[in-house]
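*Asks:* What follows is each chain in one-letter form.
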Amino acid sequence: MQIQEYSAQRKSNLWRTLKAIGKEFPVAHALGYRFAQRNIRARYRQSLFGVLWALLPPLATAAIWIFLQQKNIVNLQHTGSNYALFVITGTMLWSVFSNAVIMPIQSMQANAPILVKVNFPREALVITAFYEIVFTTLISLVIIVAEIVIFQIPVTAYTFLFIPAVFILIMLGMCIGLFLLPFAILYKDIQFALPVFLQIAMYATPVVYAANEFSGAFKILALNPVSPVLVSGRDWLLGGQDLTGLLTLAYIGVVVIVILIAGFILQRIAMEILIERMGT
Amino acid sequence: MMSQEEILVEVKSVSKKFSRSLNRSMWYGLKDLASALFGSNQNRSVLREGEFWAVKDVSFSLHRGECLGLIGRNGAGKSTLLKMLNGLIRPDEGSITMRGKTGALIELSAGFNPLLSGRENVYINGQLLGFSKKEIDQKFKDIIEFAEIGEFIDSPVQNYSSGMKVRLGFAIAAQMEPDVLLIDEVLAVGDMGFVLKCLNKMDELRTKTAMIFVSHNMPMVSRMCTRICLLKEDKTTYQSDDVASGITQYYGGFRQETGKFQGTNKVEIKNIVVESEGQKSNDNGLLTVHHGKDLILTVELICHQPVHRPKMHLAFYDQEQRNFAEVFNFFDHINVEQIDGHVIFRAVIPNIPFSQGQYSITIGLNEFENEQRNMIFRFQSAIYFLVESKQHGWSPIQLNPTWELITNPADLS
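Which chain is which? The protein sequence lines are A and B, in order. Going by the working numbering, the first sequence opens with residue 3, and the numbers climb by one from there. Going by the working numbering, the second sequence opens with residue 4, and the numbers climb by one from there.
None of these hints come from the bench; they were simulated from the model. Among these hints, one or two may not hold up.
Unchecked claim - Listed next, with one range per pair, are the computed distances between beta-carbon atoms:
#, chain 1, residue 1, chain 2, residue 2, range
1, A, Ile5, B, Arg258, 41 to 51 Å
2, A, Gln4, B, Gln141, 20 to 30 Å
3, B, Ser158, A, Gly52, 19 to 29 Å
4, B, Arg27, A, Ile5, 29 to 39 Å
5, B, Gln265, A, Gln6, 53 to 63 Å
6, A, Tyr160, B, Lys104, 47 to 57 Å
7, A, Leu140, B, Asp237, 51 to 61 Å
8, A, Ala10, B, Glu236, 37 to 47 Å
9, B, Phe41, A, Thr246, 15 to 25 Å
10, B, Ser165, A, Ala159, 34 to 44 Å
11, A, Gln11, B, Glu151, 45 to 55 Å
12, A, Tyr35, B, Asp237, 25 to 35 Å
13, A, Gln11, B, Gln252, 29 to 39 Å
What the hints assert, rightly or not - The following residues of chain B were derived to be distant from chain A, with all beta-carbon distances above 12 Å:
#, residue
14, Glu13
15, Gly32
16, Gly97
17, Ile99
18, Ser120
19, Gln141
20, Leu208
21, Gly262
22, Gln282
23, Gly288
24, Thr291
25, Tyr320
26, Gly344
27, Glu372
28, Arg381
29, Leu408
Unchecked claim - Below, in silico cross-link-like pairs of lysine-lysine (DSSO-like), each with a Cα-Cα straight-line distance of 30 Å or less:
#, chain 1, residue 1, chain 2, residue 2
30, A, Lys190, B, Lys34
31, A, Lys25, B, Lys200
32, B, Lys137, B, Lys200
All C-beta atoms in this analysis are idealised placements derived from N, C-alpha and C, irrespective of residue type, glycine included.
With the rest of the complex left out, here is chain A (with noise of 0.2 Å):
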């Protein structure tokens, strides 16, 4: 027979709060399946145009920078032969993790009645947002096939490597996300400042500019970790043949991975707090 204490003392130390996520994993993962699935569901069920929404807001930049250029209102330099292409691939990709960034977010904030009244494992929330992420970027990968067919691009094995890029996007937004989640809920600022902040930081990205772009102080930009990831992934993307981001990837990649567990350890034991704190 299965015994729960709850007492002041919290007993539990690192290593076992892992243990016990681990532990519920499945049924969190279930869990967390069906309310991506719900949400995925009822989500478009009232509307008209549906999943092409997601599209509009990346599609909608990369217009207005099209029309930029093209006028010659700005001049940007080393984005290869087709511009249109460069900027749609951008916004899309950063639309990814922009998503990403908010989602966990906006899975706890909408799931607030029932983590207040129902037990059940708080990591599933996590992975509805990740599933709902994922819904997302297949769809943005549409639009990315629409690319790679209309304007004949080679599609090499280099090509695929762009899938890579895309996953761990995804866990550096959900990094952030994560460790934003407990003062997001206790704290409304968060929510209001995360739209800003993500609009900033894509003209701090090589978005719909080049990465050569960069020079003087500005060299301090090429630090951000979503650059190398969105730049090699655009590139591979787009024909690119260059494997010298591959170690980068790789290295962010390992980081985003233990950063990840480190944010699930934080959810759990933020969450039992910042329940209390979240009234009904």
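Use these hints to put chain B onto chain A, whose structure you have.
*Replies:* Only chain B this time, still in chain A's reference frame:
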């Protein structure tokens, strides 16, 4: 075979504090978070500025087959205690041990998505409560049958009535086979038929589980519970195996609110007094009447205009606001053409057969003029008194028949 003596819930001096101000609450949350992460051991049993004890020093243990009624006024800490038992929040003092699987009947339709169909929501809610998809497949038919949802099962839940949502929620939760069951005010909605069905289900579960039942509905508490725990506002608790006495104490915590005086200004009530065994009610406290003794009610009136053929009637209410006894025999004793000026009516009610508890008397006066009845006044819960009795049950009337034992039934005929 499970032993009846098995202790499933053990609560040892559990306390929980909350903050009154939202800003402070958030700031303390941040601090608590930091100390949980970096392991600094702050003393959690000290109140910080703006904090108060929502639950203080509560202890009990509960065996399988027992049902503990957790009662108290709003804000007494019932829901907070239940949240701690459910493992949602951690106590600030003391410890809780829960043995076996814990189930909770709390906010049954919490996880429902209004846009999805009942069928889809059954699967989502079922999984939320810890069932696997396969288990829900197996129980699906029972759930639909219990909920009496019928063809609505494939309609979006936003088209359901509130009662239907609760029914579906309960039907899913009723499939749980927990060792400890926590119930928080779930039967407030739903028609009588469904409530009875739920009560039957709970009776069935009661023998197999240790139950904790939170409700403001005292008839329900007295029906379900074998023990009572009253959480008071001063953060003391009263615990007893005697459910009726706990309920009486719970009601004792409310102010005796005299009701509304409705009527004409023809007559003014000067004084109302109840007395028993030579003791009279006064302003200092309630009169205590011992079970089986006489109760005398005196109503002193000043009639500013003559009242023709007056008739007074009385109605007795218990704490649940149930009107369980009435007095309508006025004309058998007093049949006068008219009263005027200063008069006193006195009624002697012999052998009060009431159960222990607090009661009120509602007094009405009518006049009959030309075959027509006019109301002079009606004074709801005009006066309160307590009954003290060795025998007390939930019913306000306790009868005292004589009993005999017939050991040889053949002799009777």
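*Asks:* In ascending order, which of the hints set out earlier in this document are inconsistent with the structure?
*Replies:* Numbers 8, 9, 10, 12, 14, 15, 16, 17, 18 and 31, in rising order.
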